Amino acid sequence: AQKITQTQPGMFVQEKEAVTLDCTYDTSDQSYGLFWYKQPSSGEMIFLIYQGSYDEQNATEGRYSLNFQKARKSANLVISASQLGDSAMYFCAMREFQRGGSNYKLTFGKGTLLTVNP
Amino acid sequence: NAGVTQTPKFRVLKTGQSMTLLCAQDMNHEYMYWYRQDPGMGLRLIHYSVGEGTTAKGEVPDGYNVSRLKKQNFLLGLESAAPSQTSVYFCASSSTRYGYTFGSGTRLTVV
Chain A
1 AQKITQTQPG
11 MFVQEKEAVT
21 LDCTYDTSDQ
31 SYGLFWYKQP
41 SSGEMIFLIY
51 QGSYDEQNAT
61 EGRYSLNFQK
71 ARKSANLVIS
81 ASQLGDSAMY
91 FCAMREFQRG
101 GSNYKLTFGK
111 GTLLTVNP
Chain B
1 NAGVTQTPKF
11 RVLKTGQSMT
21 LLCAQDMNHE
31 YMYWYRQDPG
41 MGLRLIHYSV
51 GEGTTAKGEV
61 PDGYNVSRLK
71 KQNFLLGLES
81 AAPSQTSVYF
91 CASSSTRYGY
101 TFGSGTRLTV
111 V
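Chains as they are written, first to last, in this note's numbering: chain A, 1 to 118; chain B, 1 to 111.
With the rest of the complex left out, here is chain B (with noise of 0.2 Å):
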């Protein structure tokens, strides 16, 4: 099924150990975005990419990194883990109309 996949889909690390997210979609969008979602907060931007060799800064960008080598794949990356990164990370792809296709998530505990 056409969409985005999310990989790992729980993950649990120890404080200061780095791990990569993998965000891949199928439906060649232009743009990709990572979201945390901590409960009471909704959805944050982390960074985001309007095309491939792209990316920007979104709201909470501190203790992350992204890479987009490729346009259906976009990378988030965690140097050294902090227990305040616990989250619900999602990716998502938009095309230029409205769509919005978000991946499944990840649940990430640092502990």
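Next up, chain A with everything else stripped away, as it sits in the complex (with noise of 0.2 Å):
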């Protein structure tokens, strides 16, 4: 089974308007972290957001926030006002903690592409 599950290939979004693109996680764990990652068309991976799995607000970072829903194990992020800019492919990722507190396989969903339309 998918540890993290991206359901939009692809999403379209009008500048200055919001969107939500989806990520439902899978996890035993208590102790876990979701991240957000952004790819242009350069190629380059650039971190977005992170929500902690104990952190009981929702993380924000200017125009992105995190809707961190742990019952339904979703971590969808928002993007508000979209910008040309915004048009790239997004991922989204967890950290499991292992016992001993060694953190590593930050497993990544297969991503949407967002495209922001004039």
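Calculated directly from the structure, the hints in this document are not laboratory data.
Treat the hints loosely; a few may be bogus.
What the hints assert, rightly or not - DSSO-like, lysine-lysine: derived pairs with alpha carbons at most 27 Å apart:
no., chain 1, residue 1, chain 2, residue 2
1, A, Lys3, B, Lys57
2, A, Lys110, B, Lys57
3, A, Lys105, B, Lys71
4, A, Lys110, B, Lys9
5, A, Lys105, B, Lys70
6, A, Lys105, B, Lys57
Stated by the list, open to error - Sample of chain B residues facing chain A (criterion: CB under 8 Å; computed from the structure):
no., residue
7, Gly40
8, Met41
9, Gly42
10, Leu43
11, Leu45
12, Val88
13, Phe90
14, Tyr100
15, Phe102
16, Ser104
17, Gly105
Claimed, not checked - Simulated DEER-style distance windows between Cβ atoms:
no., chain 1, residue 1, chain 2, residue 2, range
18, B, Asp26, A, Glu17, 37 to 47 Å
19, B, Pro39, A, Asp26, 22 to 32 Å
20, B, Asn65, A, Ser80, 39 to 49 Å
Keep in mind it's a predicted model, so treat the numbers as computed, not measured.
Just so you know, even glycine gets a beta-carbon here, dropped at the ideal spot from N, CA and C.
Take each chain as given, in its own frame, and dock them per the hints.
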């Protein structure tokens, strides 16, 4: 079973509108972290936002917010006031904390290609 | 600038040739990783390291070997390249907190 599921291969949004990119995850751990990365056409991986499983409030970073619903195991990314420069591939990822505190195996979803239309 | 540096950025190999991809980080991170990215597949973990002298297999390790002789370097080797290894390879490093830093990627084509 996939650990990270992104069900939207592609999304379109009008400039200045908000858009939600879906992400559901599967883990039996109580302690984990959820990430969103942006990959523009140039190829680099840009960190956007992080949510820890014990964080009580939803994470926000500028125009990015993470709608974290722990019981539903979802961690949707909300981009407000879309800009043309937001057109990119977006990846959701999860890190599960192992016993002893080692942190590795960041697991990625397959991504959502967002296109912002003028 | 501090970060993760990957060399080379592009490479074309013939089937059966070997090569080594180098990843270097200057942030004193303990953990380093090699991922491959294929269309529609996201990033998949090849091998990783939790410290100098240690390596472990990830999700798709077959056909690759790694070494971490120095804390700042993580090498990915292809002993006998195959067309199925055509991909974009990303190296990343992380600290004990939540910060992962990715390199800019290596685009490898095996013909």
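We went through each hint and held it up to the structure:
no., hint, verdict
1, Lys3/A <-> Lys57/B, "holds, 18 Å"
2, Lys110/A <-> Lys57/B, "holds, 21 Å"
3, Lys105/A <-> Lys71/B, "holds, 18 Å"
4, Lys110/A <-> Lys9/B, "holds, 23 Å"
5, Lys105/A <-> Lys70/B, "holds, 21 Å"
6, Lys105/A <-> Lys57/B, "holds, 10 Å"
7, Gly40, "holds, 6 Å"
8, Met41, "holds, 6 Å"
9, Gly42, "holds, 4 Å"
10, Leu43, "holds, 4 Å"
11, Leu45, "holds, 6 Å"
12, Val88, "holds, 7 Å"
13, Phe90, "holds, 7 Å"
14, Tyr100, "holds, 6 Å"
15, Phe102, "holds, 4 Å"
16, Ser104, "holds, 5 Å"
17, Gly105, "holds, 5 Å"
18, Asp26/B <-> Glu17/A: 37 to 47 Å, "holds, 40 Å"
19, Pro39/B <-> Asp26/A: 22 to 32 Å, "holds, 23 Å"
20, Asn65/B <-> Ser80/A: 39 to 49 Å, "holds, 45 Å"
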